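Number of protein chains: 2
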Amino acid sequence: MIQPRVLKGFRDSLPKQELVKKYIISTLESEFQKYGFVPIDTPVLEYTEVLLGKGNGETDKQIFSFKDNGKRDVAMRYDLTVPFARFMAEHKNELSLPFKRFHIAKVWRGENPQKGRYREFFQCDFDIVGIDSGYADYEILSMMHSSLSSLGLKRFTIRIAHRGLFNDFLNAIGCLPYSVEILRCVDKLRKIGTVEVFEQLKAISGSSDSAQAIMDYITVEGQKTNREILAQLDRLAGGTSEHARRLHTILSLLEDNGIEASFCIDPSITRGLDYYTGIVYETFLDDLIEIGSVCSGGRYNELASLYTNEHIPGVGSSIGLDRLISALEDLDSDLLTQSSSADVIILNQDSECIPHGFKLASQLRALSIRCDHFLADKKLAAQFKYAESNNIPFAILFSQDECDQGLCTLRNLATRSDTNRLNIFEVAKIIKDGRN
Amino acid sequence: MIQPRVLKGFRDSLPKQELVKKYIISTLESEFQKYGFVPIDTPVLEYTEVLLGKGNGETDKQIFSFKDNGKRDVAMRYDLTVPFARFMAEHKNELSLPFKRFHIAKVWRGENPQKGRYREFFQCDFDIVGIDSGYADYEILSMMHSSLSSLGLKRFTIRIAHRGLFNDFLNAIGCLPYSVEILRCVDKLRKIGTVEVFEQLKAISGSSDSAQAIMDYITVEGQKTNREILAQLDRLAGGTSEHARRLHTILSLLEDNGIEASFCIDPSITRGLDYYTGIVYETFLDDLIEIGSVCSGGRYNELASLYTNEHIPGVGSSIGLDRLISALEDLDSDLLTQSSSADVIILNQDSECIPHGFKLASQLRALSIRCDHFLADKKLAAQFKYAESNNIPFAILFSQDECDQGLCTLRNLATRSDTNRLNIFEVAKIIKDGRN
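Order-wise, the sequence lines are chains Z and F. Just so we're aligned: 316 in the working numbering is position 269 of the first sequence, and the numbers increase by one with no gaps anywhere. Just so we're aligned: 179 in the working numbering is position 132 of the second sequence, and the numbers increase by one with no gaps anywhere.
If we strip away everything but chain Z, and leave its shape as in the complex, we get:
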């Protein structure tokens, strides 16, 4: 006998979880499609060289890699960005630019599992490539806003900064050569706090004054509007930055379309990764700030440079699906409780009536009603328990008399009230009314 168990850091998805996950994914997909985005998929296994081209030591250790039967070095994808870069380099000529894609799929990392962290998890990426403009930046931000809204979230803040503007500022204070280290250090602000960031900045720049200037740049004092914060940053960066003008364009579009209240210019957002070159952003749930960003990204202007000399600019964002789902659980979202396996179940009182049940079931399904049919020979009490544990709201029963006449009784399982002698269309109407 083999012990039935899964690997550490992996888990099964039972129907209750899987229904929620599928509902969330299909809601997001339909939102993305409203923006004209299209889906792609890439292989789970790739050449290790292709995936690790830009990898550093830390990623190397986390990756699931091995030699396949043909002695090739292969690895399981650890994100959806690297495969997308390879995809664009390979297929650019088969696609019409600008290309707007989304990709929702599993990725794998060998990191040590902690609470809420798994070795197999979902990413949900969406990008616009082939265009470098504030309009595309705005479209991604707008799509982030409607995607989260489509999941019933109302209280969230999308925090925006601009790498180029930050670099203009670093140039103005003579710190541009340390840009990469400074951006990485500022990215840790929420984790290690202002005192430690100041010390590290002093070490990086070799000067308290520079460190203090950077702290001033990334700190917004008081209740300022986005326009005021942007004006302050622009002034600190020298007052003539094209990047500030782009942020102004984006703010105007956010205002025009009535969604500006969910956005906040926050110069302390830098994103650790090297490849961002323009706008960067993170999204926090106002009531669960501590879980960190649920949707982040930015503009990169050299997506596929590892694989091609062609210049492919883009802007994109990624939703941490597993983190978002666990946040929706913490927020007691309605999304998570509405999952039923069927709209109605035909119960099994008498095996003589099962053929009648099959006919009813097929008629109801033709009317787009999800109809379960209890086929096992069990007591009614067990059947009601089954219906309850599957959140099925209605049950169908019939007397021999109803059976003979093609009629049935519909029971509302919440109120336990019965309606007798219904025909199929009456049944369908009550169920649909109850469903909507």
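Quick caveat, the hints were computed from the structure, so don't treat them as lab data. Keep in mind that the hints are not guaranteed to be accurate.
The list treats identical chains as one, so a pair stands whether inside a single copy or across any two.
[Said to hold, decoys possible] Result set (DSS-like, lysine-lysine): computed pairs, CA atoms no more than 27 Å apart in a straight line: (1) Lys201 <-> Lys63; (2) Lys108 <-> Lys55; (3) Lys432 <-> Lys476; (4) Lys426 <-> Lys139; (5) Lys153 <-> Lys108.
It should be emphasised that the depicted structure is a prediction, and the values quoted were computed from it without experimental measurement.
Chain F: place on chain Z using the hints.
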């Protein structure tokens, strides 16, 4: 520079293919849910021991297996049946039986890629476990029928046999001890032909008479009805088989529900795998018989016996999604040509009007219209080409005058006819009428 390429036997899914795949998967899922089936998922990686418990040498060679960073022997799943057996053994007490699940996911096999065969491909499995009855057998058959019908397929034949009935017959002719070898041999009938099968049967049973008797059993001469074929098989099996009675029940239900014409009793169907114990079936497209079965399965009465002493009977079926999609291509199915990335695209004539375009886009999306918005600064000819290559049926343009008044012009891209000065609701109505 790293060469952008995928591994042999793997492939990217571009939007046109991915839209079709997603449409087919969501059509199947919604059909499964109409029967009260629920989704599950399992990890892609499992302990090699768990996956290969029942594996034979051939499967071993085909599997992607390796040692992870913790020196565990792990493997990528090569089907969805073995993980499901492990899942049932592990979670049986958390589920209400009968349990009806579907699982649509990728699996991996290292076999040598040929035309239409890949090392990464989708399986789509659905099963009813926890009940051993003809009603459950019928429900799976009925669901196979409606699933294929929901994809627009009309001309297909589901060929049914019964392992138990075959064994009753083998017992009657004294060949039961060679049952496994005989079933495997008969399974190859379509591949190697009757002469070769006869020779092999002679070698297995050690007798020409037995081989001839088996050939007679598996061969249906002339235009017989399902009832007549079943009566003949029952007679050859001794005339008192409970398995023949179960097939009679199933035939009655198929007749009652008006779908019998798509089903055919075919005693030469055996399925190679050891674990089937009852009804078995394969599905052939009448116009593409040569591609083999697109949906197969059967009843197994010891699903999880590798992992638990509990008896878990079940019946299930599996759709070969990739084979089915390539068949739909060969049949010029409408499904494959209808994939557009959006219902309408707002074109970019004048950057002054882009903010107006964003407002229109957001209003149309609120009306559930998939609205793309061309944001790059390109000539109109390039924009029309983009719309065409994405199969978008309508385009929105506006004059400065329309822009000022919140109106626009809608162009039908197939007929190239324009309608001017429309408000957003008029636009939405025309698009929705065109879509339905």
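For each hint, the structure was consulted:
no. : hint              : in the structure
1   : Lys201 <-> Lys63  : within (24 Å within a copy, 34 Å between copies)
2   : Lys108 <-> Lys55  : both (17 Å within a copy, 25 Å between copies)
3   : Lys432 <-> Lys476 : within (25 Å within a copy, 46 Å between copies)
4   : Lys426 <-> Lys139 : between (61 Å within a copy, 20 Å between copies)
5   : Lys153 <-> Lys108 : both (19 Å within a copy, 25 Å between copies)
Figure legend: structure checked against the earlier numbered hints; every hint is met.
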